[in-house]
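Q: In the working numbering, the protein residues as written are 84 to 531.
Read the hints as simulated data drawn from the structure, not as lab findings. Hints are not guaranteed to be accurate.
[Stated by the list, open to error] Pair ranges (Cβ atoms, derived):
1. ALA120 - LYS495: 48 to 56 Å
2. THR345 - ARG229: 21 to 29 Å
3. GLY457 - ARG392: 54 to 62 Å
4. GLU511 - ARG229: 41 to 49 Å
5. GLY316 - LYS95: 35 to 43 Å
6. LYS95 - ALA203: 53 to 61 Å
7. ARG358 - SER87: 46 to 54 Å
8. PHE130 - GLY472: 25 to 33 Å
9. ASP210 - SER308: 42 to 50 Å
10. ARG492 - PRO155: 55 to 63 Å
11. GLY148 - LYS95: 43 to 51 Å
12. MET152 - GLU175: 20 to 28 Å
13. GLY148 - ALA468: 47 to 55 Å
14. GLU511 - GLY316: 29 to 37 Å
Ideal placement from N, C-alpha and C gives every residue a C-beta, glycine not left out.
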Amino acid sequence: MRLSRYFLPVLKETPGEARIASHRLMLRAGMIRQASAGIYSWLPLGFRVLRRIEQIVHEEQQRAGHIPMLMPTVQPADLWRESGRYDDYGEEMLRITDRHGRDMLYGPTNEELITDIFRAHISSYRDLPLTLYHIQWKFRDEVRPRFGVMRGREFYMKDGYTFDLTRDAALHAYNRHLVSYLRSYERMGLQAIPMRAASGPIGGDDTHEFLVLAETGESAVFYDSAVTDIRLGARALAYDDAAACRAVAEEFTRLYARTDETHDEAKFLEIPEARRRVARGIEVGQIFYFGTKYSEPMGAMVVNAQGERVPVHMGSHGIGVSRLVGAIIEASHDDRGIVWPEGVTPFHCGIVNLKQGNAGADAACEALYAALTGAGLEPLYDDRAERAGAKFATMDLIGLPWRITVGPRGLKAGVVELTCRRTGESEEMSPEAAVSRVAGRYGGTAGG
RNA sequence: CGGGGCGUAGCGCAGUCUGGCAGCGCGACGGUUUUGGGAACCGUAGGUCGCAAGUUCAAAUCUUGCCGUCCCGACCA
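Generate coordinates for the entire structure from the input sequences, incorporating the hints supplied.
A: Written as structure tokens, this is what we have:
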């Protein structure tokens, strides 16, 4: 993409309403524009990041054997009356009446819809297990939206629903989700710690929240510092192997890590003092096993091998896709701007032409652009007639992990400059070497 | 939902107390000179002063009502 033809409305000054780094930086980098309290338009740069996170979630869900689909945002109230949640959900649910006077609602979640789909089409244990998921916009009419996309009213979320014959099978689904979530977050360059949590209004027997440590987090968290040393890394994952999934889940949840809702001071004090940590975290996902809470009242039954009609065991599992954009920035920025992890960056590499209009610099930049594109990467070429300082400031603000700087001075010596956004380190090298270095950073995962 | 702010150009704000030409900085646009970390100068455009009613010769400014938005608390992915 050439910046001169792109839409990147960056701001030099910080809009007054933004209190935390991610909100401030998303506004300044031209990623979002507020439409109403807690409701945002995603401008092109923000949209790219949102899509990359969504893509990682899709890939990891499907790797775990989960099946994508799409349910509507507007739902009929009747289904919610059936589950008993139409009244329970209260003022957070946006209620709508259509032209025929029917009660509708903008979905805050999708248990009712998915259960309705399940009961209409599934009747035998032979069709289980089944995991369906979708990524869709949701709406919760928060009393006080804040922190930009981290606590919006409209938000984009992956929610998955598991259907199993037995509790044991449902717990395998729970562990499988835990592992797939860990893998998704690691690909996004994030550490999200699974913590035992309260179940809240969705209801359930077992639940973990995934928290990203950040000073601006909404939850107080208490944990054993050793949990932050655990990584999934490149290990092979056998999602169909219940014992293997349980082993990984146990490895990540064995040590003490809880939010304030379930914090147990006595157990916390059993941790060696040097490893006790009290901090704050941003919730970026949650997994629930809730048994037959919805299947019983809504009649989602299957016939088991003994010929008996039994309610299915269900679980639901969510990842806050739009919230992750903010959470990643909270976890990865500096005083100059955003520092994107390579896994979610909106563009793989920036090209800064220090002397736009200089034939040699222009040609070198075009050649770099073609070479990077040819290597399967998406570069952002700053071809504006701006001064160097302005171009650097823009690149730093939008946080691309790599920047190739091209100027007549370096070209005389046959070199360009490759700069790492995170460390600030620069190195001079031939344009070809710069391309292969950047391409090497993204390996086979480039594109998308 | 309780309490408190704020609403004036795309962004940041002054002007409101004490009614009297709608301003400043940044940004945008044009020009000249510049050009390796947010350049300088000259010029130009851009405003239903949140909305409505009221008071007044005269309202951004005073009064009333409404709307929007932000912050603290409670609540919540």
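Q: Each hint: holds or not?
A: The hints, checked one at a time:
1. ALA120 - LYS495: 48 to 56 Å: holds (55 Å)
2. THR345 - ARG229: 21 to 29 Å: Distance hint for THR345, ARG229 holds at roughly 24 Å.
3. GLY457 - ARG392: 54 to 62 Å: About 60 Å separates the Cβ atoms of GLY457 and ARG392, which means 54 to 62 Å holds.
4. GLU511 - ARG229: 41 to 49 Å: holds (45 Å)
5. GLY316 - LYS95: 35 to 43 Å: Between GLY316 and LYS95, where Cβ atoms are some 41 Å apart, the hint holds.
6. LYS95 - ALA203: 53 to 61 Å: Given a distance of about 55 Å, which is inside 53 to 61 Å, the answer is holds.
7. ARG358 - SER87: 46 to 54 Å: About 52 Å separates the Cβ atoms of ARG358 and SER87, which means 46 to 54 Å holds.
8. PHE130 - GLY472: 25 to 33 Å: holds (28 Å)
9. ASP210 - SER308: 42 to 50 Å: holds (45 Å)
10. ARG492 - PRO155: 55 to 63 Å: holds (58 Å)
11. GLY148 - LYS95: 43 to 51 Å: Roughly 48 Å apart at Cβ, these two residues keep to the hinted range, so it holds.
12. MET152 - GLU175: 20 to 28 Å: holds (25 Å)
13. GLY148 - ALA468: 47 to 55 Å: holds (52 Å)
14. GLU511 - GLY316: 29 to 37 Å: holds (33 Å)
This entry satisfies every hint, going by the numbered hints stated previously.
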